[in-house]
Amino acid sequence: MSNDDTDHELRVSKIRNGTVIDHVHGGQALNVLAILGIDGTEGEEVSVGMNVPSDRLARKDIVKVEGRELSQEEVDVLSLIAPDATINIVRDYSVEAKHRVERPDAVEGVLSCPNSNCITTEDEPVISRFDVLDDAVRCAYCGTIVRDDIAAHIDT
Amino acid sequence: MRHDHLITSKQLSREDIEAVLDRAAEIDADPAAVAQRHAGTLLGLLFFEPSTRTKMSFETAMKRLGGDIVDMGSVESSSVKKGESLADTVRVIDGYTDALVLRHPREGAAKMASEFVDVPLLNAGDGAGHHPTQTLLDLYTIRENAGLDDLTIGIMGDLKYGRTVHSLAYALTNFDTQQHFISPESLQLPREVVYDLHLEGTTVREHETLDEILPSLDVLYVTRIQRERFPDENEYQQIAGQYQIDAATLEAASDDLTVMHPLPRVDEIAADVDETTHAAYFEQAHNGVPVRMALLDLLLGGETDE
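Top line first, the protein sequences correspond to chains A and B.
Each residue of the first sequence is one higher than the one before, counting from 286 in my numbering.
Each residue of the second sequence is one higher than the one before, counting from 7 in my numbering.
Please keep in mind that the hints were generated in silico from the structure rather than gathered at the bench.
Bear in mind the structure is a predicted one, so any value in this text is a computation, not a measurement.
Now the in silico label distances, taken between C-beta atoms and shown as ranges:
1. 356(A) to 273(B): 57 to 63 Å
2. 368(A) to 280(B): 56 to 62 Å
3. 94(B) to 441(A): 24 to 30 Å
4. 359(A) to 94(B): 28 to 34 Å
5. 336(A) to 222(B): 56 to 62 Å
6. 385(A) to 273(B): 56 to 62 Å
7. 277(B) to 322(A): 58 to 64 Å
8. 121(B) to 323(A): 25 to 31 Å
9. 66(B) to 385(A): 57 to 63 Å
10. 21(B) to 416(A): 22 to 28 Å
11. 368(A) to 66(B): 50 to 56 Å
12. 69(B) to 391(A): 40 to 46 Å
13. 21(B) to 385(A): 39 to 45 Å
Looking from chain B toward chain A, a few residues come up when the C-beta cut is under 10 Å (computed):
14. 14
15. 89
16. 92
17. 93
18. 111
19. 112
20. 114
21. 115
22. 119
23. 121
24. 133
25. 135
26. 136
27. 196
Backbone N, C-alpha and C define an ideal beta-carbon position, used for all residues, glycine too.
If we strip away everything but chain A, and leave its shape as in the complex, we get (with noise of 0.2 Å):
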């Protein structure tokens, strides 16, 4: 390991392809692997720095995916609870492309609607759907609006 590693990095191993994203808020990571679905259970290599001293933000997580490229479509999702991440492809040690996560108009499957009297709590065959608004989501199927704390509806 090169001289200038910085001491995070020493923590979060380098990957050799995969995904790394970065400029998460402190505290979140865990809630990041969670809404993009991301357990252990199929053999994913992960690694997490959490609370690492930032430059950008006081502290920050950092998630690292091996043998994963994460899509826009996929990692937009991060907008919710990590608005200032960035997501950077890794090939070959190198990074291959850069970019921000996107506010996108709705999202599926990642979130339970917190009204228990919603269709969508039922056991109905039905994936659950929020419309992303400029400070909340709102359930497609009830309108019931999630304005804080979003991660605590992420579905596991």
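With chain A fixed as given, assemble chain B onto it according to the hints.
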């Protein structure tokens, strides 16, 4: 009007609403003219919650258009009792009928069900969500009695869980109306409804008592405050009592005030109001038939074969 389904009054434009109300007025004036118009048409009724007026008026409407109905019956006597999902139930009945009417205790049920069927689906109430066909007959009644523009309306009672309230408030944003909302603090409009009304540029005027606003109203729309919304009987009696009206209450109102109620009422409108010129709630209930006839006629393609 050409919508595949009627899920919420939010999807209705002013033109859509006026098309239904105009057709209802034509049918009301000459019901015999449409007596065989939809002969052979079958309407499926799926009521997962009790209903008298809505269900019977849909049944009457379909039969007065020459068609017939098939009824799932009560939940207790159906395969729902065996644990069948709503999606499966509607997919099956979809194949039997030309249109479906659904009432269900959960919010979003009609929206979800509509994604599994090919025939038009009409939402006859989804939990505390929407009840757009009630809204159309409410609007018909308001238009007949007070007109829909330059209107000041007070909507009183359980505004939080009252689906007729939510649907009516959305629909009125299409017209030049001032809306006042009268309720105890604990039963004010949900923030989702307020959000939508604000999006439409409607000012939400909330009041805790009727007195301050009653004299300026053209229409007072009363809804029932249900006992089960309160933790104890005393609190219910004390609060609900403040939102009951009788003939004496209405002495402070304009002579032209129209009093409406989606029914059933319990004690929120005293029987002595029935005899006043203000009472329009029985007329309102009767309007359910011509309005639902008009709606079915338009949804089933009635505009093409005359």
